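Taking the hints into account, I'd like the entire structure generated from these sequences.
From first to last, the protein sequence lines stand for chains A and B. The first sequence stops at residue 257 when you use the working numbering, and every number in between is there. The second sequence stops at residue 257 when you use the working numbering, and every number in between is there.
Hints are not guaranteed to be accurate.
Mimicking BS3-like on lysine-lysine, the simulated pairs with C-alpha atoms at most 27 Å apart in a straight line are [unchecked claim]:
| id | chain 1 | residue 1 | chain 2 | residue 2 |
| --- | --- | --- | --- | --- |
| 1 | B | Lys246 | A | Lys254 |
| 2 | A | Lys178 | B | Lys246 |
| 3 | A | Lys83 | B | Lys102 |
| 4 | B | Lys251 | A | Lys176 |
| 5 | B | Lys246 | B | Lys176 |
| 6 | A | Lys116 | B | Lys83 |
| 7 | A | Lys116 | B | Lys102 |
| 8 | B | Lys102 | A | Lys178 |
Read the hints as simulated data drawn from the structure, not as lab findings. On a predicted model such as this, the values are computed, not experimentally measured, just so you know.
There are 2 protein chains.
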Amino acid sequence: MLSFFTVDCLILTFHEGQLKVLLTERNEYPYKDWWAIPGYFVDKEEEMEEAVKRISYENTGLKDIYLEQLAALAGVKRHPEGRILTVAYMALVRYEEVKNKVKPITNYMRQAKWFGVNDVPELAFDHNEILRLGLKKLKTNLSFSFAPFELLPEKFTLTQLQQIYESILGESLDKRNFRKKMGNLGYLKELDEYQTGVSYRAARLYKVDKRKFAKLFA
Amino acid sequence: MLSFFTVDCLILTFHEGQLKVLLTERNEYPYKDWWAIPGYFVDKEEEMEEAVKRISYENTGLKDIYLEQLAALAGVKRHPEGRILTVAYMALVRYEEVKNKVKPITNYMRQAKWFGVNDVPELAFDHNEILRLGLKKLKTNLSFSFAPFELLPEKFTLTQLQQIYESILGESLDKRNFRKKMGNLGYLKELDEYQTGVSYRAARLYKVDKRKFAKLFA
DNA sequence: ACAAAAGTGTTCGCAATACACCCATGG
DNA sequence: CCATGGGTGTATTGCGAACACTTTTGT
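What follows is the structure, given as structure tokens:
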């Protein structure tokens with residue numbers, strides 16, 4: 040009883056004020072030359088959680104990223120060579136930590152590239168749907184999720200944090216209210232450090248207190 | 040390229056003041072004679088959403104229930120005859136509407152029976168895990184979900200509604216605050232009808248205004 | 001001096017919480 | 001008349017929302 044299935048890895052980051060998704064250009068049929076979410080077949084004896092780590096690495100060069108299950112898609116016609124079920128995962132990464140590492144290790148993907156989530160072409164298979172599901176989940180869980188801090192460098196400014204909230208929610212927020220709320224939550228640590236290399240007033244940097252954050256949601 | 044997988048249907052209801060899950064007794068190996076969440080193989084040319092309707096019906100006799108995807112489980116050792124991926128779905132049903140219909144149509148399940156969610160035996164495969172995931176999801180989404188009303192009869196008392204919240208959250212709530220909040224939400228319609236057949240003061244019945252509810256979450 | 005973004009307080013209304021007693025009904 | 005659950009109000013506190021100007025820095 041053979042059972043083939045794939046995993047796909049929706050990898051998101053935040054850069055230049057917008058959410059971006061990592062796409063790979065396929066070098067293999069079907070959908071050769073199309074952009075797709077990184078993904079491939081799970082080996083017969085391989086745990087799915089291992090497979091998704093291996094495959095995200097092979098497709099994009101990124102290691103040790105935390106992937107969470109998003110959905111299973113199994114449309115009879117989603118794959119031209121016969122029904123192939125896929126389990127989609129989602130990961131959030133810090134742009135600064137990964138920007139120099141993004142490069143496929145396999146040859147079934149030709150290149151990997153970041154696309155703004157609002158600037159994504161028509162993708163292979165049902166991958167546009169996977170992206171849609173991922174963004175929806177991000178938005179739904181935002182108020183009790185660590186997601187914003189997985190997208191930012193360790194030290195960040197409040198404006199960066201606000202931009203993330205705004206990109207995920209798709210609406211703009213009031214600066215003063217936003218800062219008051221973040222302050223009240225009590226898990227942001229104000230540092231005695233400031234932004235560098237900007238041609239205007241440098242903003243203060245902050246860190247998350249992971250202990251306090253975890254306690255709040257325990 | 041053959042691709043076998045199953046779907047499992049976590050079906051929950053509310054009765055006698057507690058959440059209950061519908062389990063089936065297997066009449067087929069592996070796990071013959073074990074209790075399990077209703078489920079079976081998806082046909083080769085069958086859409087997964089169709090399969091889950093068909094299979095929930097065959098296993099339990101219940102038709103036209105709304106199933107939502109919960110998770111995919113694919114442990115290499117979850118099935119003794121080789122790795123078989125399963126996609127778990129969840130449905131909520133009204134006890135009054137289904138109590139006389141629960142009966143397997145197939146012969147690979149011997150019987151179907153309601154179990155209190157805190158009184159569930161060790162189940163076949165990884166089905167205890169599926170139950171755990173379902174209850175977690177129910178709890179997480181409770182504040183913006185229609186779930187409580189899918190579990191109750193069309194006309195219900197505020198005490199019943201409160202009991203559902205309490206079962207899902209696993210904590211008791213203050214009666215006055217609960218009623219004030221439900222009133223404020225604005226989608227409950229007070230009826231001029233009362234409970235019957237109780238040996239104490241009969242409680243007023245309520246209905247949900249689905250239009251108003253839908254508007255709030257649009 | 002100008003451009004660009006940082007940073008900062010108050011008011012108002014509503015929602016969440018804590019808390020205890022009387023009422024209606026059936027047996 | 002008793003047992004059982006039904007039903008009700010107030011005070012406090014904290015959060016969400018609306019709203020605009022001054023400060024700092026680099027060029």
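Hints and how they fare:
| no. | hint | result |
| --- | --- | --- |
| 1 | B:Lys246 with A:Lys254 | violated (38 Å) |
| 2 | A:Lys178 with B:Lys246 | violated (30 Å) |
| 3 | A:Lys83 with B:Lys102 | violated (35 Å) |
| 4 | B:Lys251 with A:Lys176 | holds (24 Å) |
| 5 | B:Lys246 with B:Lys176 | holds (25 Å) |
| 6 | A:Lys116 with B:Lys83 | holds (11 Å) |
| 7 | A:Lys116 with B:Lys102 | holds (26 Å) |
| 8 | B:Lys102 with A:Lys178 | violated (33 Å) |
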